[in-house]
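Undergrad: Chain residues, written in single-letter form:
There are 2 protein chains.
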Amino acid sequence: MQDRLEDVKAQVQAALDEAMAGFPPGELTDAMRYACIGGKRLRAFLVMESARLFGLTDREALPVAAAVEALHAYSLVHDDLPAMDDDDLRRGLPTCHVQWSEATAILAGDALQTLAFGLLSLHQIGTAEVRVALIRAFSEAVGARGMVWGQALDIAAETALEPLDIVAIKRLQSAKTGALIVFSATSGAIMAGEDTGPLTEYARNIGLAFQIQDDILDVIGDEAETGKRLNKDGAANKATFVSLLGLDGARDKARKLVRNAESALEPYGEAAGNLRDLARFIIERDA
Amino acid sequence: MQDRLEDVKAQVQAALDEAMAGFPPGELTDAMRYACIGGKRLRAFLVMESARLFGLTDREALPVAAAVEALHAYSLVHDDLPAMDDDDLRRGLPTCHVQWSEATAILAGDALQTLAFGLLSLHQIGTAEVRVALIRAFSEAVGARGMVWGQALDIAAETALEPLDIVAIKRLQSAKTGALIVFSATSGAIMAGEDTGPLTEYARNIGLAFQIQDDILDVIGDEAETGKRLNKDGAANKATFVSLLGLDGARDKARKLVRNAESALEPYGEAAGNLRDLARFIIERDA
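In the order they appear, the protein sequences are chains A and B. Each residue of the first sequence is one higher than the one before, starting from 4 at the first, in the numbering used here. Each residue of the second sequence is one higher than the one before, starting from 4 at the first, in the numbering used here.
If you are wondering where the hints come from, they were derived from the structure by calculation, not from laboratory data. Treat the hints with care, as some may be off.
Identical copies go unnamed one by one, so any copy, or any two together, can satisfy a pair.
Calculated pairs, SDA-like style, for lysine to any residue (alpha carbon to alpha carbon, straight line, at most 20 Å) [unchecked claim]:
no., residue 1, residue 2
1, K12, V133
2, K173, F26
3, K43, G129
4, K43, P85
5, K173, P28
6, K241, D89
7, K173, G276
8, K256, W103
9, K235, A163
10, K12, R139
11, K256, I158
12, K241, L164
13, K173, P27
14, K12, P27
15, K12, R62
16, K173, G29
17, K43, G25
18, K256, D6
19, K12, R94
20, K235, E161
For reference, chain A alone in the conformation it holds in the complex (with noise of 0.2 Å):
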């Protein structure tokens, strides 16, 4: 799966590359290129491994990996303002409004968010039914029923009077990661024009395990290793999925679901072999 994944992201890379490159030199153009270096690219590679299963090219289905890369970008630049969660590190890099500056950070991440359906509509898959339906199924997870609507969730949970339970913290979860997660993982059957039932069971099991190991990451990890400040949540005493299931049932939690995950995955037998793979990697990562 790690060779896969350094593939996926080449293509990627050199996808948004080719998407930036006649863009207007300047400031703008060079904060959203340094919005979008590094990074894992696991949804770049949940919608290439996700295409792959229905008989889809990587060529075939890279400007759709590119845009959910360029819109995860966006989402970072934004967060990371200091009227959100005011990071200055991310990926090991200064944040994007300490590189630049706030002005250019919004509109970097404006830009990036426009570049995504831009990208989005590039692809060359299927009937105009598939193409749009794929278009509306991206705005539905990233907008202010998805993502957006996630991290306005977690902006007010900060100021709450009362920690968020363990209903409340899933709520919040689903939809600010989780949405765009599943968005990739079933971009492959809705280009496709099949069901996305599996796939979407696989993404909401990986999801909520992706980020019960960041909450795990957050308590012991390592600054240099994760490329980003650690510990804010627990100094900002808010509730995590470790602050409430303490690290052992987190861990539980956790492994329990990458099973569920697994299991999801039986309609497609050998083939889903790298999304089995990523499953278990999301639980054993360290950064």
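Based on the hints, put chain B in the right spot on chain A.
TA: Leaving out everything else, chain B in the frame of chain A:
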């Protein structure tokens, strides 16, 4: 034309309300709705009248009209942020970050951009190629080569050592406000698969005339009428069409542009009556 403008306003407001009807209750949705209140809806009017030239109905064009207004609303919310233009008054009301918070304003703008693309994916006109072409043209107009680039140029101009010259200020305006106006005015032709040339020419001229009139109103206007803070450009020692051409020179230039815009409409004859009226309205308005 005023009756038609009121009619478009009502249709677009209903479409935006309907699009947000199922959104989760809370500050984010409230702020998005708040940002969509009011406005002249000139861009929506352009979409509807452009569509009508090619035999498309209001019902068919409405998702596109609502999309350009959602996009415009997002751009205003982000432009008004403290890190950007730092405005406290818009459309006669406190700006979004004053009414709510900076974090909510950033997220509401983000989600309004997503909503715009979601609405665009709803329209039911034409072939797959046409529908995707419309989304692609929209992303070109509002991204890092269009509107957001113009806003970045505007921010850069504020800290530049020399005020901009007339070539640079035209380039800035053409990107910042012109590109979305061109998209709106040509959207009917794109949907119908017809030549966008004449409407592009029309839109470039009224877009520039609109900006010149804005600069004139910034000097001679009334804050109660315009619903926004005035003389900000003068206070910031920023080059404007008025500072570069003088008040009379700016008025002459705007009148000439409107005549060019009217000429560009000749291929459409009587059917373009409302678009002709709009061109004149743009330089006669006092708000």
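Undergrad: Taking the hints in turn, state whether each one holds.
TA: Each hint, compared with the structure:
Within a single copy, K12 and V133 get their C-alpha atoms no closer than 26 Å, and across copies no closer than 32 Å, so neither meets the 20 Å cut-off. For a Cα distance limit of 20 Å, the shortest separation of K173 from F26 across copies, 19 Å, qualifies, whereas the shortest one inside one copy, 39 Å, does not. In this homomeric assembly, K43 and G129 never come within 20 Å of each other (Cα to Cα): the closest approach is 29 Å inside a single copy and 39 Å across copies. For the identical chains of this complex, K43 and P85 are neighbours neither inside a copy (24 Å) nor across copies (33 Å), given an alpha-carbon limit of 20 Å.
Proximity of K173 and P28 under a CA criterion of 20 Å is satisfied inter-copy only: 18 Å between copies versus 42 Å inside one chain copy. In this homomeric assembly, K241 and D89 come within 20 Å of each other (Cα to Cα) only inside a single copy, at 15 Å, whereas the closest approach across copies is 31 Å. For a Cα distance limit of 20 Å, the shortest separation of K173 from G276 qualifies neither inside one copy, at 27 Å, nor across copies, at 56 Å. Proximity of K256 to W103 under the C-alpha cut-off of 20 Å is found in neither arrangement, the shortest distances being 40 Å within a copy and 37 Å between copies.
Only within a single protomer do K235 and A163 lie at most 20 Å apart by alpha-carbon distance; the minimum there is 17 Å, versus 38 Å between protomers. Taking the shortest Cα distances, K12 and R139 never come within 20 Å of each other, neither inside one copy (26 Å) nor across copies (25 Å). With identical chains, the CA atoms of K256 and I158 are never at most 20 Å apart, being 25 Å at best within one copy and 48 Å at best between copies. Taking the shortest alpha-carbon separations for K241 and L164, only the intra-copy value of 11 Å comes in at or below 20 Å, while the best inter-copy value is 46 Å.
In this assembly of identical chains, the alpha carbons of K173 and P27 lie at most 20 Å apart only when taken from different copies (16 Å versus 42 Å within one copy). For the homomeric pair K12 and P27, neither the shortest alpha-carbon distance inside one copy (25 Å) nor that between copies (35 Å) is at most 20 Å. Proximity of K12 and R62 under a CA criterion of 20 Å is satisfied intra-copy only: 14 Å inside one chain copy versus 43 Å between copies. Taking the closest pair of Cα atoms, K173 and G29 come within 20 Å of each other only across two copies (18 Å); inside a single copy the shortest separation is 41 Å, beyond that limit.
Taking the shortest Cα distances, K43 and G25 never come within 20 Å of each other, neither inside one copy (26 Å) nor across copies (34 Å). In this assembly of identical chains, the alpha carbons of K256 and D6 never lie at most 20 Å apart, being 28 Å within a copy and 61 Å across copies at closest. With identical chains, the CA atoms of K12 and R94 are at most 20 Å apart within one copy only, with a shortest distance of 15 Å there and 45 Å across copies. In the homo-oligomer, the alpha carbons of K235 and E161 lie at most 20 Å apart inside one protomer (12 Å), although the nearest pairing across protomers, at 36 Å, exceeds that limit.
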